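Note that the protein sequences, when read in sequence, are chains X and P.
Reminder that position 121 of the first sequence reads as 121 in the numbering used here, one-by-one numbering, no gaps.
Reminder that position 44 of the second sequence reads as 1044 in the numbering used here, one-by-one numbering, no gaps.
Keep in mind that the hints were calculated from the coordinates and are not lab data.
Any given hint could be a false lead.
Take a look, some chain P residues computed to stay more than 12 Å from chain X by CB distance [what the hints assert, rightly or not]:
| # | residue |
| --- | --- |
| 1 | GLY1034 |
| 2 | LYS1118 |
| 3 | THR1126 |
| 4 | ASN1130 |
| 5 | ALA1133 |
Across the chosen pairs, the derived CB separations fall in these ranges [unchecked claim]:
| # | chain 1 | residue 1 | chain 2 | residue 2 | range |
| --- | --- | --- | --- | --- | --- |
| 6 | X | LEU41 | P | ASN1081 | 13 to 21 Å |
| 7 | X | MET216 | P | GLN1092 | 30 to 38 Å |
| 8 | X | ALA360 | P | PRO1091 | 22 to 30 Å |
| 9 | P | PRO1091 | X | ASP89 | 55 to 63 Å |
| 10 | P | SER1132 | X | ARG84 | 54 to 62 Å |
| 11 | P | SER1132 | X | SER32 | 36 to 44 Å |
| 12 | X | SER237 | P | ARG1056 | 37 to 45 Å |
| 13 | P | VAL1145 | X | PRO163 | 31 to 39 Å |
| 14 | X | PRO377 | P | GLY1046 | 36 to 44 Å |
| 15 | P | GLY1046 | X | GLU244 | 55 to 63 Å |
| 16 | P | GLY1076 | X | ARG379 | 49 to 57 Å |
| 17 | P | GLY1123 | X | PRO377 | 13 to 21 Å |
| 18 | X | ALA57 | P | LYS1072 | 53 to 61 Å |
| 19 | P | VAL1145 | X | ILE235 | 26 to 34 Å |
For clarity, every value in this text was computed on a predicted model and none was experimentally measured.
Note that beta-carbon positions come from the ideal geometry of N, C-alpha and C, so glycine has one too.
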Amino acid sequence: MRRLGPILGILLALAGCGKPDFSDAEKRTIASLALSALPPLKPDTTNRFADVPGAAALGSTLFFDPSMSGNGTVSCSTCHKIDRQFQDDLPQAQGLARTNRRTMPLAGAAYSPFLFWDGRRDSLWAQALTPLEDGREHGGNRAAYAHYVKNRFGERYERIFGPLPDLSVVPANAGPLGTEADKAAWDGMSEEQRDSVNRVFANIGKAIAAFERSIMPTQTRFDRFAAALASGTPIDSDAALSPEEVQGLKLFIGKANCSTCHNGPRFTDDSFHNTGVPPVPGFPVDRGRIDAVTQVTADPFNCLGAYRDGPVDACGELKFMSKAAPELIRAYKTPSLRGAAGRPPYMHAGQFASLDEVVAHYAKAPASVEGETELHPLRLSERERAALVAFLKTLN
Amino acid sequence: MAFLGRYILAAIGLAAVLVGVLAAVYLTAPRQAGPDLARTKKTVNGLFVASIAPDRDPITQGELHSWVLTLKSAAGDPVENAAIDISGGMPQHSHGLPTSPQATDYLGGGQYRIDGIKFSMSGWWTLHFNISAKAGSDSVTFNVVL
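Given only the sequences and the hints, what does the whole structure look like? Please build it.
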């Protein structure tokens, strides 16, 4: 019986009890996904108020203010709910009317070179302006926003941005994207008046962006596990992954190819891909990135426009943006997977109700209705699919 | 009991030898030949000799950066006034580059600054240059592995 002691020890070691077993390459990939690999947010030179606390405070006020809308009922936080990862759990965002896209969560959005599912804006501050003038979202117009901010927050605004322009001759409602009356009023304004309204409007976006820069991803069980794995320290119970979760992690960075696009500490390559996600029946044609490149190029608030602060060399992403490649057709942004398990439904228009459906889609890899999917069919057993979903839940 | 123990020991010994042999086979097996990673190459039709160098090494994934492309004639003279078109992508994923890099400056001595390159994921990438100069048009493809 004495001899069996060492034998049992060897058997246990062979069975791999205790520590999960990863190759060096797997360990490197796991370390690259950990939150500790996230670099500090770079200054945004296109918004010189990006890291000004007063601007962030005003931005926060505006973010939660339903008066920042056409009828006084919709704020940014209507869809970007603070207690729901700054999203709304709906398949499509609902402002004054239903849109045709899923609300994106905001954690780490400041790292993205292009915003929205299709990247039709190239900065956090240009993004923040777009829903304000969309008739289905806030449904307001920029002249009205400029008047409101001047009347309601004039002193705070001027302490941050300097003197407000004279808006006494600017119509109460005017904008290039609003109702026919708004557009006519906008066309009737002088170039100088339009520029001064645009400047106040851009500063509204810059204040909201300053606030949004503070919304960052938080540490998860996966991150604690990755830290312990990297340092070789014992894995505590609050950092432990179950054998199923470890299997899911191995699939995620291996056979299932998820980390090809969901890479880095935000689990996104910040790029756009056609993965054959079906359109929502009855919705207008949605071609994703290929149409957004035209929109971001035409946006007066883009990096190359008149309202950028700082030097033009910050505009590389826009300047060298891929514009015509066939793979941009029905390509959508790779979303971060941090917290994803807690915010169904999934995809750019909430097409899938659960992570099981998402994994099933990626395994099946159906053809795209337009353009080519980048996916290839995967052989995943029921257990493997469940393991992938189990791993994704460690990112909450 | 001792008899059974010896059997178990022998079985474990055999298993260990088997694991050892398998490990030796796997560890010493020739790795699959990767793409040619040369940073200096003759162009396809031999008109030019092209060299590329990134502005940073190692190359950072997901960040815009620049390269310098140096063009020499077959005789070794710098190639001036070349028109350069850049493409590329990931052959194993059948997609192109995530950006549209451009030659933005001539630095003298046959050196051209290539701006706007980004590798958004790890793996095998290609950088393809179509080059037109006085001597004619030619092309060259480099492989980059991240």
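**Request:** Take the C-beta atom of PRO1091(P) and the C-beta atom of ASP89(X), compute their distance, and say whether it sits inside 55 to 63 Å.
**Result:** 40 Å, violated
**SER1132(P) paired with SER32(X), Cβ distance criterion 36 to 44 Å** = 40 Å, holds
**Request:** With respect to the beta-carbon atoms only, verify the hint that VAL1145(P) and ILE235(X) lie 26 to 34 Å apart.
**Result:** Because 32 Å falls inside the window, the suggested range holds.
**Prompt:** Would you say the C-beta atoms of ALA360(X) and PRO1091(P) sit inside 22 to 30 Å of each other?
**Reply:** The hinted range 22 to 30 Å holds for ALA360(X) and PRO1091(P), with Cβ atoms some 28 Å apart.
**Item:** Consistency of beta-carbon spacing, PRO377(X) to GLY1123(P), with hint 13 to 21 Å
**Value:** 20 Å, holds
**Message:** 31 to 39 Å was suggested as the range; check whether the CB atoms of VAL1145(P) and PRO163(X) agree with it.
**Reply:** 55 Å, violated
**Request:** Look at the Cβ atoms of PRO377(X) and GLY1046(P) and judge whether their distance stays inside 36 to 44 Å.
**Result:** 42 Å, holds
**Message:** Over 12 Å from every CB of chain X: does GLY1034(P) meet that, or does the non-interface label fail?
**Reply:** 14 Å, holds
**Prompt:** Should the hint that GLY1076(P) and ARG379(X) are 49 to 57 Å apart at their CB atoms be regarded as holding?
**Reply:** 53 Å, holds
**Asked** Once the closest CB in chain X is found, is it more than 12 Å from THR1126(P)?
**Response** Holds, because the least Cβ-Cβ distance between THR1126(P) and chain X comes to about 14 Å, which exceeds 12 Å.
**Item:** ASN1130(P) remote from chain X - nearest C-beta pair above 12 Å
**Value:** 16 Å, holds
**Asked** Can the suggested window of 37 to 45 Å be confirmed for the beta-carbon pair SER237(X) and ARG1056(P)?
**Response** 41 Å, holds
Going down the numbered hints, you'll see the structure goes against 2, 6, 9, 13, while the others check out.
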